[in-house]
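Residue-level listing of the chains:
Protein chains: 4
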Amino acid sequence: MFDAIIRNGRLVTAAEILPSGLDLGIKGEKIAYIGIPLPDTEGTLIIDAEGAYVTPGGIDSHVHIDQGNHPTADKWEHATRSAIAGGNTTVLAFSQQKRSETSLYTSLGQYHAKATGKSHCDYGFHLILTNPTEQILTKELPAFVEQEGITSVKLYMTYDPLKLNDGELLDVMMTTRGLGITTMVHAENHDMVSMIIKRLEAKGHGNPYYHSVARPQLVENEATYRIISLAELTDTPILIVHMSSETAVKHVHEAQTRLFPVHAETCPHYLFLRSDSLAKPDFEGAKYVCSPPLRHQQTELDAMWRAITNGTFTTFSSDHCPDKYDHPCGKKKGLNAEGKSDFKLIPNGLPGIETRLPLLFDESGEEPHHKLTLSRFVQLTSTNPAKLYGLADRKGSLSPGLDADIVIWYPPGHAFTQDSNQLTIRNSMLHHHCDYTPFEGFTVSNWPRKVLLRGKVVWDRDNGGILTQQGYGQFLKRGRSSIVTGRPGLVPQGMLSDEASLWRDA
Amino acid sequence: MFDAIIRNGRLVTAAEILPSGLDLGIKGEKIAYIGIPLPDTEGTLIIDAEGAYVTPGGIDSHVHIDQGNHPTADKWEHATRSAIAGGNTTVLAFSQQKRSETSLYTSLGQYHAKATGKSHCDYGFHLILTNPTEQILTKELPAFVEQEGITSVKLYMTYDPLKLNDGELLDVMMTTRGLGITTMVHAENHDMVSMIIKRLEAKGHGNPYYHSVARPQLVENEATYRIISLAELTDTPILIVHMSSETAVKHVHEAQTRLFPVHAETCPHYLFLRSDSLAKPDFEGAKYVCSPPLRHQQTELDAMWRAITNGTFTTFSSDHCPDKYDHPCGKKKGLNAEGKSDFKLIPNGLPGIETRLPLLFDESGEEPHHKLTLSRFVQLTSTNPAKLYGLADRKGSLSPGLDADIVIWYPPGHAFTQDSNQLTIRNSMLHHHCDYTPFEGFTVSNWPRKVLLRGKVVWDRDNGGILTQQGYGQFLKRGRSSIVTGRPGLVPQGMLSDEASLWRDA
Amino acid sequence: MFDAIIRNGRLVTAAEILPSGLDLGIKGEKIAYIGIPLPDTEGTLIIDAEGAYVTPGGIDSHVHIDQGNHPTADKWEHATRSAIAGGNTTVLAFSQQKRSETSLYTSLGQYHAKATGKSHCDYGFHLILTNPTEQILTKELPAFVEQEGITSVKLYMTYDPLKLNDGELLDVMMTTRGLGITTMVHAENHDMVSMIIKRLEAKGHGNPYYHSVARPQLVENEATYRIISLAELTDTPILIVHMSSETAVKHVHEAQTRLFPVHAETCPHYLFLRSDSLAKPDFEGAKYVCSPPLRHQQTELDAMWRAITNGTFTTFSSDHCPDKYDHPCGKKKGLNAEGKSDFKLIPNGLPGIETRLPLLFDESGEEPHHKLTLSRFVQLTSTNPAKLYGLADRKGSLSPGLDADIVIWYPPGHAFTQDSNQLTIRNSMLHHHCDYTPFEGFTVSNWPRKVLLRGKVVWDRDNGGILTQQGYGQFLKRGRSSIVTGRPGLVPQGMLSDEASLWRDA
Amino acid sequence: MFDAIIRNGRLVTAAEILPSGLDLGIKGEKIAYIGIPLPDTEGTLIIDAEGAYVTPGGIDSHVHIDQGNHPTADKWEHATRSAIAGGNTTVLAFSQQKRSETSLYTSLGQYHAKATGKSHCDYGFHLILTNPTEQILTKELPAFVEQEGITSVKLYMTYDPLKLNDGELLDVMMTTRGLGITTMVHAENHDMVSMIIKRLEAKGHGNPYYHSVARPQLVENEATYRIISLAELTDTPILIVHMSSETAVKHVHEAQTRLFPVHAETCPHYLFLRSDSLAKPDFEGAKYVCSPPLRHQQTELDAMWRAITNGTFTTFSSDHCPDKYDHPCGKKKGLNAEGKSDFKLIPNGLPGIETRLPLLFDESGEEPHHKLTLSRFVQLTSTNPAKLYGLADRKGSLSPGLDADIVIWYPPGHAFTQDSNQLTIRNSMLHHHCDYTPFEGFTVSNWPRKVLLRGKVVWDRDNGGILTQQGYGQFLKRGRSSIVTGRPGLVPQGMLSDEASLWRDA
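So the protein lines, in turn, are chains A, B, C and D. Here the first sequence stands for residues 0 to 505, numbered as in numbering that gives the first Met the number 0. Here the second sequence stands for residues 0 to 505, numbered as in numbering that gives the first Met the number 0. Here the third sequence stands for residues 0 to 505, numbered as in numbering that gives the first Met the number 0. Here the fourth sequence stands for residues 0 to 505, numbered as in numbering that gives the first Met the number 0.
Derived from the structure by calculation, the hints contain no laboratory data. Take the hints with a grain of salt, since some may be wrong.
To be verified - Below, a list of computed lysine-lysine pairs in the DSS-like style, where the Cα atoms sit at most 27 Å apart:
#1 B/K162 x D/K197
#2 A/K202 x A/K279
#3 D/K476 x C/K26
#4 D/K162 x B/K162
#5 B/K202 x D/K138
#6 A/K249 x B/K162
#7 A/K26 x B/K26
#8 A/K197 x C/K138
#9 B/K197 x D/K162
#10 C/K197 x A/K138
#11 C/K197 x A/K202
#12 D/K97 x B/K249
#13 D/K202 x D/K331
#14 D/K138 x B/K197
#15 D/K197 x D/K26
#16 C/K162 x A/K197
#17 C/K370 x D/K249
#18 A/K138 x C/K202
#19 B/K138 x B/K197
#20 D/K97 x D/K476
#21 A/K249 x D/K249
#22 C/K455 x A/K162
#23 B/K138 x D/K476
#24 C/K370 x C/K117
#25 A/K162 x C/K117
#26 C/K249 x D/K476
#27 A/K249 x B/K113
#28 B/K138 x D/K202
#29 C/K249 x B/K249
#30 B/K74 x A/K370
#31 D/K249 x C/K249
#32 C/K370 x A/K249
The whole structure should be built from the sequences, with the hints applied where relevant.
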């Protein structure tokens, strides 16, 4: 009657851990039931989860795959095989508009072409808007929502080729609010960074470490406060990506507390790595160049952990953005022939798609020393991204009726690496195409043992590893976001309740 | 194969609304199955939920039933039939120690006697400690946890016969923290209230309205800050009951944000009623006397709604505490023979066990105008109380393996009251033994249509109403709390990390 | 021995009210002593202050006089006679760089020419920077400080012809911080305003009232937070001018509390007027167009009063910026031939140089109902501006050794307007050249009776009114600011203590 | 014409530093003149202040002299000679009611007797209320204000023999608010401390260091929040004495920001000493036992410095409370015959009357590295206490008409200790009767060179030291407080504007 049954696991939802001893039955690509063990039927694949935790497939909602100026590392086949080996069944990557392009279809066509037939996991696209023309705002975005199932955009407040000014940010938001498009923002003050870089340069400071000096937390704090202000003015829900600063997160939390729908995301490197890595000798620091930069002190990382636990962060993504280290078009773009480094030429970004889930899972559990519960782990890594990005009708939960995207972990205490129940992360074991991992040498206490995507086992760590063919992954047409923290429609301080209606449309 | 199947409903969990079209199968007293429709088996009761929302049975975790000084209204049979008619399958009532009693077994025996064989729903007890002797703290409380399945206490900071001083509160918390007992606190500053009452009395102010003047928000704010301080010193998770003041809630929220585990509860009357009710003429105001009192302004109620939505409140209970209005031992204790009223003699408390869920459900849903989501409704009214009070292994979720405690609502738009899809609340329709409801004349847009307790339909609004016999409800032996917001073990500001270990036990 | 003695007054300093019965002796242009009455000398002018309060001459540190695009109202002789009639002995006006000018000397020469020989009171200039060239920053500003005694600049975050972007703001601040130049900032987010104006325009909303809709508090809140961030990054003390929003003021207060030196200014219209004035019919609302706009509600004005009292504001200035109402180049620029109004063409600004002190004095005193003390009045209107703008060695205090700039008020209860001790403000009684006052019809309980500038009586309300000739007022070469709230040199959150030194100069 | 002239000094007021070159003339006991140098008159004593700073005489408004349970160190002659040698001209000491006493006159008579004829400086008394009978509140306190010139009380929230409960605190405040009596509060939660002490004792922890463990910041934070709440309820201005915790100070600052008049005081030991001193071996730690205790970390001291600078603290006093160290009735009460220490028996308190001003002066000045300005120094140490305690008509300012209480410091850079311009503090140089100073070995850069009290030089460090006779100091009849931060009469959150009038008198 069922094609497969996962038996004997401890099913984890965003709300609770279900009682032991339940079966999860799969029919076709879907979860068909959860309940007491049903009699076996011939032909049903029985997967014994051995008392291990079973979670919904990870959704990595912020990954860069084969984007223009990161040519050296992962293509779609690499990034997505790495994804599933790390417990992910869905990724959301970017389609980046070039400033010179006046239609988003141009870039989207190219990104579709790169992905089609190559992906090991299901996928979708966010649209990076760098030139929000009237045509795009009034014609294309509605069409993307209705026809393409692309319901999210990303806006940059920094980087010369990507940056929108406040007026453009406002214009885009006045559009996305009406269409129900999820609006992601990279929040760093561009001019602050430029000023510091110019002055560091004048003083001859080029080592990778200065990257962290060039983007202090003030840069993020200011831009975060500003984008929340712009969002309140236009009454637009937003997501601020890859947050790393306590004060910036406090601004988000305050907005959430008064029910204005600001969402926040953080990434593994802001929880586990510090700026001392950027000071590694021999240009090794270049491996850790990302923006916002790694922060200096443990207290700053602690603040991010608090926001993981207290609910401020809605999602936890990898911001996977790999460049080869030892490649002249990779990280070594920042090192000239004379061996002199120039941090501002180093491509920004870290690989991390495969390590995201094991790193966070390591701190998740039911004991007092765990930083977060397993349900919170599921929220951050799967359920919330599904809701936020319009996938909740198919993904993000161990729920009958949804896609059978499932991660089975090793049972607690299992000696899953030969003779130890600790695993040391080595780049050699990872499936991306990058020549390093920033988490080299970290130990974790678990790893996805089996991963199912739409009912099919695509990763079996003990038996064959990657089991899919390229192209099994499907492009996902997404709906509108179904998550809002608080409610939009609040009247900002000092405005009259009907004031905005004088210029905002309903 | 299943004893009953609920078909065609929209199952709501604390995390999400499951896809349409799923069956919920029941076997014996338990939920056995959630999934795609199974072929009927003969003898299976098919309950068609008609596209309506299906939620876990309500847990009303704060009700007073037949307590000593409230002799006029509900006995156990009344309160619990009212409970199930309002969608509740479990109630947690109080066993109140008298100051003169040196063992908790004295009172508990009496309260068990009152409930045994009378309850329509499952139930448990919280222990009100008014005289925390050494014997009780060191011998009895551990025994209650281990043998009686009673794992929560309630402490009062006000009321002469109940009040503990700071030293006693600390002593109890130093015990409960170790045992994992959930510690509930009524937080109002006693001396502030006494001072105001004495002065109001001197000025001859006796009308019920002055009750609200006698207990301004400062009274609650101060006690809330104090009990959080005492809890931090002793590193004890607490729940502050029936909160009504914005500043007090802010103190809770701040503690939660830095991960100290303070929980908060509010009640329907703090969301829906204001102090103008206390000013009703002809002593009608007495019907609205409760502590903390109803607050004056809508902005104050709005702040409670925000805390409902933004996650600050963990639970939402009725604080059902009924006294007959027109009875000399009820509310009219506050009115003497000459018709002169003395607000301080009016018994404190409001009935509300039956109206709690419909009132909150009315504001719950997936549309922008709804104040909270249905999942948040389920968290506040069922899942969170189950976790907080050690019932999560049996109650609080539509999860296979748990008790089949289920509420089926009317489908949206259903004309469930003759020819209208709005219902006007009248005391005559309620099942308690009280002669009034403070929500008389309120309209709601839904009501529990069917309620199942351990697999059995105990309430069918359209076919017979109350279907159980007294005594179907069972006493619940509870385990330890499984919910903590944040993590205990934090070091308060200014303390060294190992400082507390000099005097606290691990 | 002394040229004049003020006898019998109650001398008010920024710290206290001196005991009754003291003499204040003047010799030449200076205050020579304060003390017990000395024997008269022949030829000494005895001024009997009759038990009235005596305060230092007002310093109006923010006035616009005869600036380019406000051609219709006050020239220097008008504004400054209005100043002294309102109790001011010093004004600081603006010299505005045009975008096309690459040297500040161009505009300064013109502004000097306008003022020379015309002023009734002492005066100085702030430099408005609209095009901060390398030459200006590195050569001219140091020269202004050293040679011209001009030690303050003003920067705009809004208005197309004036606005600097973040990079320019940073560059200027990196210069002013080193030179000790006081940096004033008009903080409103330009793009927010532009977006709203564009949309109001599209909907045909042109009445003056829409000016207040176009610049909601969010506009000020955002820019305030941003400029504080930029100031912290560069470690530059700043003054934010004409503040009107509670949240913006809160940002200032928070910075001050952690000792970062942010100063704030407010103006009479943000304490006394509301946006309903902008809604007056028949284009009368145009008289109230200024930026930031008048706010909507009394609670918002109350917040400004709190900041007056609790010390957040450093200075209180008029922002005198008069345009004639009934003049095609004045306010009526916003009204076309067809009688259609376009609020964005209305010149921004209100007259107020003469009413500033009486309006604030009205709320100052030693009784509980007074909003501020007389010492706080003196701080805000005289002592603090003197310190902030490098005048403390000559102005701002009733201190021996300083200029004898003195205001003698009427004694409390004096019937100073025929037969009443209340005065109704009428434009006809004012000395400016504007055809209206926004405070028409306001009543005040006192007015400067006599004003002395450098020892000479320049205003005697009861005997001749204005007694000076144009040109008595001198240009003031100013030194560096001698006031700092808190201390610069703080390390912003998340920065290492020596991090900024990698790119900032000492 | 003048009896004395101080020439050539730099006079410092609470608002500014007056220009150089001014004379301060004295006639009889009063300051008669500040101004340009006058011709000498024969018989006028010319005191050349040599370019040094001249400040008003210090007012130490919180000192314990010869109180009951501190019998071993200073009598009035000792403490007050120490006071003037440290730059103080006025002290306010305590008259302590015993619990058994039903009239305050009993204790006051005894304290008067101790002081009369013994004091080197002017003095007054605060009344410690430990048993606030009806008679005292309704009859005696009004009489003290009207007849005795005693206008301040002190209330304790801790210590068994002194502690008032909340009800008593409220009753006292309802009286003092009406009379305009300044209400000082020692804010620590008694029961928290008792609970910790009991548990430390049970574990055998008796060393002095445990005193700091027994009174963590939470103890102060809670009591501070509570007393502010009680004060708001009764609308009573209060002063919280000897504050030491950042969170507690934050509560004060928040109240001040919304204009509720809460004042705060801190003391030298909370700025300069840490709890490591309590850990000194051989019972030396006992020298540092005071309550609140010294705090652990420099960041905590930094927070107190911030509150010194940002204006939160109104006064800075010594809390001089000396006990001999090497005396069985002094600190060694905490050491039994077997050499076992019991921290709870150690008398609480530190000597500090003589070192208060030099320690703070050391951090005061006009350079960026100075933590506070000289005007702020004068505010904290003299002007504010004079205003707060009803002495402003005689003391606290270099103002003509006030008592000529004056401190002349050494000129900057003066080699005032043989051949160095640094002075190392040694107990041997101090004038109290205590056998130690907690500041032994600290260096300071200045010291009062000459001190004048009512026109007479009472301390000349270079010529004779103490020049007064015992008994020159006078008892001061004080008026009502003339300082309020903010305004009473605010409506606390959630109360209606006329609500309190139902039970509070006007």
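(message) Please verify whether B/K138 and D/K202 have alpha carbons no more than 27 Å apart.
(response) 21 Å, holds
(message) Next pair to validate is A/K249 with B/K162; report whether the Cα-Cα distance is within 27 Å.
(response) Judged against 27 Å, a Cα distance of about 38 Å means the pair is violated.
(request) Given the hint that C/K197 pairs with A/K202, test it: the Cα-Cα distance must not exceed 27 Å. (result) With a Cα-Cα distance of about 44 Å, the restraint between C/K197 and A/K202 is violated, given a limit of 27 Å.
(request) Could you grab the alpha-carbon distance between A/K138 and C/K202 and see if it respects the 27 Å cut-off? (result) 21 Å, holds
(request) Please work out if C/K370 and C/K117 have their alpha carbons no farther apart than 27 Å. (result) 37 Å, violated
(message) With the threshold set at 27 Å, check whether the alpha-carbon distance from B/K202 to D/K138 stays at or below it.
(response) It holds: about 21 Å lies between the C-alpha atoms, which stays within 27 Å.
(request) Take a quick look at whether A/K249 and B/K113 sit within 27 Å of each other, Cα to Cα. (result) Distance ~51 Å between A/K249 and B/K113 Cα, so the pair is violated.
(message) Check whether the Cα positions of A/K26 and B/K26 lie no farther apart than 27 Å.
(response) With Cα atoms ~23 Å apart, A/K26 and B/K26 stay inside 27 Å; holds.
(message) Can you confirm whether the C-alpha distance between C/K197 and A/K138 stays at or below 27 Å?
(response) 20 Å, holds
(request) Measure nothing beyond the straight line between the CA atoms of D/K197 and D/K26; if it is 27 Å or shorter, mark the hint as holding. (result) Between D/K197 and D/K26 the Cα gap is close to 60 Å, so the pair fails against 27 Å, i.e. violated.
(message) Hinted pair, alpha-carbon criterion (27 Å max): D/K97, D/K476. Please report holds or violated.
(response) Cα-Cα ~23 Å, so holds.
(message) Checking one constraint from the list: CA of C/K249 to CA of B/K249, max 27 Å. Satisfied?
(response) Cα-Cα ~18 Å, so holds.
Consistency with the previously given hints fails for numbers 3, 6, 11, 12, 15, 19, 22, 23, 24, 25, 26, 27, 30, 32, ordered from lowest to highest.
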